[in-house]
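Chemist: Spelled out, the chains give:
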Amino acid sequence: MYLLCKWMTKMRSNRLKIVFMLCLAFVTTGGQHFESKVAQLLQDETEHIKCFVEGKDLTCFWEEEEERNHIHDQYTFTYSYEKKNKMACAVSSLYLLASNKTILFCKLPKTPFFTTLDVQVLRDGRMLYTRSLNAENVLFLDPPRNLTVMSSGKEGQLNVSWLPPLLKYMDDSMIYEVRYAVDGSNMGKVEVIKVSTRLVLLGLQSNTRYKVWVRVKPDGVAYKGYWSAWTEPVFGVTPPSDVDPLIVLLVIFIGLILCLLSLTVILSHHKFLLKKLWPDIPTPEHKFPGLFTVYKGDFKEWMSHNNGSMWGRSVPVYTEELPSPLEVLSEVSLTSHGTSQREERKPVEEDEEKESERSDSGLTDRWRDPPHAHWLMEQLRALQENPESRSQSSLLQSHDTYVTLNQGDNEQQVDDVFEETLPLQTLFTTAGTSSLGTSHSDLGSLQQSSGSGRLSSQSSFEYPNHTWPPKGPGYAYMAVADSGVSMDYSPMSSSRIAELGKHRMYTNDYKNEIFPHKWPLSGQYIKSG
Amino acid sequence: MQTFLGLVSVLIVFVWLGGKQVFPLQPICDLRVLDHFVREARDSVVIMRGSRGGCGAMKSYFVPLTSVDFAFWEHIDVQELAVEVQTGLSLLVQALSTAMKAVSNSRLANALDNNISNIHSLSQILHSLDLQHARSTVLPDDSAPASTQTQEVSSLPELLQVQSSFLRGKVRLLLSAAPACQRQNS
Numbered sequence: 001m002y003l004l005c006k007w008m009t010k011m012r013s014n015r016l017k018i019v020f021m022l023c024l025a026f027v028t029t030g031g032q033h034f035e036s037k038v039a040q041l042l043q044d045e046t047e048h049i050k051c052f053v054e055g056k057d058l059t060c061f062w063e064e065e066e067e068r069n070h071i072h073d074q075y076t077f078t079y080s081y082e083k084k085n086k087m088a089c090a091v092s093s094l095y096l097l098a099s100n101k102t103i104l105f106c107k108l109p110k111t112p113f114f115t116t117l118d119v120q121v122l123r124d125g126r127m128l129y130t131r132s133l134n135a136e137n138v139l140f141l142d143p144p145r146n147l148t149v150m151s152s153g154k155e156g157q158l159n160v161s162w163l164p165p166l167l168k169y170m171d172d173s174m175i176y177e178v179r180y181a182v183d184g185s186n187m188g189k190v191e192v193i194k195v196s197t198r199l200v201l202l203g204l205q206s207n208t209r210y211k212v213w214v215r216v217k218p219d220g221v222a223y224k225g226y227w228s229a230w231t232e233p234v235f236g237v238t239p240p241s242d243v244d245p246l247i248v249l250l251v252i253f254i255g256l257i258l259c260l261l262s263l264t265v266i267l268s269h270h271k272f273l274l275k276k277l278w279p280d281i282p283t284p285e286h287k288f289p290g291l292f293t294v295y296k297g298d299f300k301e302w303m304s305h306n307n308g309s310m311w312g313r314s315v316p317v318y319t320e321e322l323p324s325p326l327e328v329l330s331e332v333s334l335t336s337h338g339t340s341q342r343e344e345r346k347p348v349e350e351d352e353e354k355e356s357e358r359s360d361s362g363l364t365d366r367w368r369d370p371p372h373a374h375w376l377m378e379q380l381r382a383l384q385e386n387p388e389s390r391s392q393s394s395l396l397q398s399h400d401t402y403v404t405l406n407q408g409d410n411e412q413q414v415d416d417v418f419e420e421t422l423p424l425q426t427l428f429t430t431a432g433t434s435s436l437g438t439s440h441s442d443l444g445s446l447q448q449s450s451g452s453g454r455l456s457s458q459s460s461f462e463y464p465n466h467t468w469p470p471k472g473p474g475y476a477y478m479a480v481a482d483s484g485v486s487m488d489y490s491p492m493s494s495s496r497i498a499e500l501g502k503h504r505m506y507t508n509d510y511k512n513e514i515f516p517h518k519w520p521l522s523g524q525y526i527k528s529g
Numbered sequence: 001m002q003t004f005l006g007l008v009s010v011l012i013v014f015v016w017l018g019g020k021q022v023f024p025l026q027p028i029c030d031l032r033v034l035d036h037f038v039r040e041a042r043d044s045v046v047i048m049r050g051s052r053g054g055c056g057a058m059k060s061y062f063v064p065l066t067s068v069d070f071a072f073w074e075h076i077d078v079q080e081l082a083v084e085v086q087t088g089l090s091l092l093v094q095a096l097s098t099a100m101k102a103v104s105n106s107r108l109a110n111a112l113d114n115n116i117s118n119i120h121s122l123s124q125i126l127h128s129l130d131l132q133h134a135r136s137t138v139l140p141d142d143s144a145p146a147s148t149q150t151q152e153v154s155s156l157p158e159l160l161q162v163q164s165s166f167l168r169g170k171v172r173l174l175l176s177a178a179p180a181c182q183r184q185n186s
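One line per chain: the protein sequences are A and B, in this order. Per full-length UniProt numbering, the first sequence runs over residues 1 to 529. Per full-length UniProt numbering, the second sequence runs over residues 1 to 186.
This is chain A alone, in the form it adopts within the complex:
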């Protein structure tokens, strides 16, 4: 057709010009693909004679080395197949603007397929190039037609469809390549698909504009060839990501149910939950009714109003009276006061014997001197009546009382332990009768106490204010505080001390540590042996 047009251009009639224009139009239409194919093969094909089949015609071309005028006259193109005679083909030239090159080509009029073709290029009668090929192996198809890209409605998907190039008997031998990329991006992906002219692109971004290209090639089984040119890009937009309304409704419904359940649980157990999450700070207010509400935390005020009601039951009431510890001496000497004592002992002994008979059966042998106690009482009475004896007891205060534990009866007693003995009279107080009276009563209480040496809580022994002569380490002191606590100093009894006398150690060795200063002799002594 191209040669026909070239021949017609030589005619200078109007009719031929019209025909020429039509030919040009036809050539131009087919030439776009032709030139692009030629340009592509110029780069890709390595053979000197580059051949391709477009439609059903084989075209072979070669590159012109030098620019020459009327070059096509010197070249000759021949071909043969199935050992038949060689046939010639008309040579034409074409100037490629894009690559600034001139090519010479020949299009076979009747192209035999499925047979070996031997082509030759002769220049000035001499063979320039030669090649053997099969026409069905150099198919250069046109790009696919009617490429369309549509949204499938699903997220991240696009439907791509196209039509194969116009070729008979080859529709089932084609393979396609689809290229797609985000609009504006150079990174594209390629999908290969055989025979089918539809493809669904998956895994795309939502609400994104994509560019799609397609090209075609024979699959290589029956026909072989080159990749066609890419189609013009077609744009498609993926649908925006949308949430299934059913899922949204279900989520909302389930959320409402959960909220209702949690509210129900909270309301039914709000007290328990509040107690667990925000526990109350414990206050002692329930033990002190009205302390914080009425008296504003003033404990004194509260106490004054609620003195006997609360405390008498459980807590023992402590008077403001300070405890007065009692110092008990283990040994006391009665030699200085012996005559007056002996004189008074005799009449006392009888009473003491009676006393002993009347004494509590709980009295043990440890309490060996109930007569001594009785004798002490007599002595106290005597002191009350005889004020001059007070002067001898300068060491004792009227309100002071002392109790000594005498271990002189026991021969195993270690004398060195009880070294110091004090006259009895010096131990007695010369104070007023009130203290004696109290002492007397205390003596009485002491007298009634058991032989084990227990002191009742009613005893009111007071600590002397006077200094007390220093005692040796052997004396066993006992400080009895008027704390209302009954003290059992049974291990401190004289018998036990006597047992331990051999070892010269006393378990009831109390030092007067509470009141480290010396105490004057005062009060009464109760001698217990």
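For the record, the hints were derived by calculation from the structure and aren't laboratory data. Don't be surprised by glycine CBs; every beta carbon is placed ideally from N, CA and C. Just to be clear, a hint being listed does not mean it is correct.
As the list claims (entries may be wrong) - Quick look at which bits of chain B chain A covers, simulated, 3 or more residues with Cβ under 8 Å: (1) 60 to 70; (2) 167 to 174.
Claimed, not checked - Straight-line C-alpha distance at most 20 Å; calculated EDC-like pairs for lysine to aspartate or glutamate: (3) A:Lys83 <-> B:Glu158; (4) A:Lys224 <-> B:Asp69; (5) A:Lys84 <-> B:Glu158; (6) A:Lys224 <-> B:Asp35; (7) A:Lys194 <-> B:Asp30; (8) A:Lys168 <-> B:Glu74; (9) A:Lys224 <-> B:Asp43; (10) A:Lys168 <-> B:Asp30; (11) A:Lys56 <-> B:Asp69; (12) A:Lys86 <-> B:Glu152; (13) A:Lys194 <-> B:Asp35; (14) A:Lys107 <-> B:Asp69; (15) A:Lys224 <-> B:Glu40; (16) A:Lys168 <-> B:Asp77; (17) A:Lys217 <-> B:Asp35; (18) A:Lys168 <-> B:Asp69; (19) A:Lys168 <-> B:Asp35; (20) A:Lys83 <-> B:Asp69; (21) A:Lys83 <-> B:Glu152; (22) A:Lys110 <-> B:Glu74; (23) A:Lys86 <-> B:Asp69; (24) B:Lys59 <-> A:Glu82; (25) A:Lys83 <-> A:Asp118; (26) A:Lys56 <-> B:Glu74; (27) A:Lys84 <-> B:Asp69.
Model the placement of chain B on the given structure of chain A, informed by the hints.
Modeler: Structure of chain B alone, referenced to chain A:
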């Protein structure tokens, strides 16, 4: 005796039915079967190139013509084409059998044997296309095909190339143009 006669009559009926071919063959129009045979014919070419002594004995083989002119084929008679294809397939079987006997390489011999089996299968496929009535119309002429429908090749590589071209060309076009397959496609 009566049972024996009954059995014989049943057998006769079955034989008659078999001869009548009450159950026609389903046309095999899937070109993927032919593509499979084409690939195996190509494998023989590859094996031949890789084996020593592939060329083997230089013998003359009469093979069919393989060239196809599409312009010509658009107006060709299908039945005439069917006859041409069947003749060419039989020629190929003869040539391949002769070549297999002369080949020493066992692997190549096996490939050639496989090609022969494939050609037999192709004959069955063409038979399924109900093209046999074409045979009755066109009487096979042994002399004419030898001159006009055949060509002579002198080596095994050429023989294998002819086989590949014939299968890809004429046989494939016949299968795609068969009326039975056209009815299925339309």
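Chemist: Next, verify each hint and record whether it holds.
Modeler: Now for the hints, and whether the structure bears them out:
no., hint, in the structure
1, 60 to 70, "holds (count 6)"
2, 167 to 174, "holds (count 5)"
3, A:Lys83 <-> B:Glu158, "12 Å, holds"
4, A:Lys224 <-> B:Asp69, "17 Å, holds"
5, A:Lys84 <-> B:Glu158, "16 Å, holds"
6, A:Lys224 <-> B:Asp35, "13 Å, holds"
7, A:Lys194 <-> B:Asp30, "15 Å, holds"
8, A:Lys168 <-> B:Glu74, "10 Å, holds"
9, A:Lys224 <-> B:Asp43, "16 Å, holds"
10, A:Lys168 <-> B:Asp30, "17 Å, holds"
11, A:Lys56 <-> B:Asp69, "9 Å, holds"
12, A:Lys86 <-> B:Glu152, "18 Å, holds"
13, A:Lys194 <-> B:Asp35, "14 Å, holds"
14, A:Lys107 <-> B:Asp69, "15 Å, holds"
15, A:Lys224 <-> B:Glu40, "16 Å, holds"
16, A:Lys168 <-> B:Asp77, "17 Å, holds"
17, A:Lys217 <-> B:Asp35, "17 Å, holds"
18, A:Lys168 <-> B:Asp69, "13 Å, holds"
19, A:Lys168 <-> B:Asp35, "17 Å, holds"
20, A:Lys83 <-> B:Asp69, "16 Å, holds"
21, A:Lys83 <-> B:Glu152, "10 Å, holds"
22, A:Lys110 <-> B:Glu74, "13 Å, holds"
23, A:Lys86 <-> B:Asp69, "17 Å, holds"
24, B:Lys59 <-> A:Glu82, "18 Å, holds"
25, A:Lys83 <-> A:Asp118, "9 Å, holds"
26, A:Lys56 <-> B:Glu74, "12 Å, holds"
27, A:Lys84 <-> B:Asp69, "15 Å, holds"
The earlier numbered hints are all upheld by this structure, with none contradicted.
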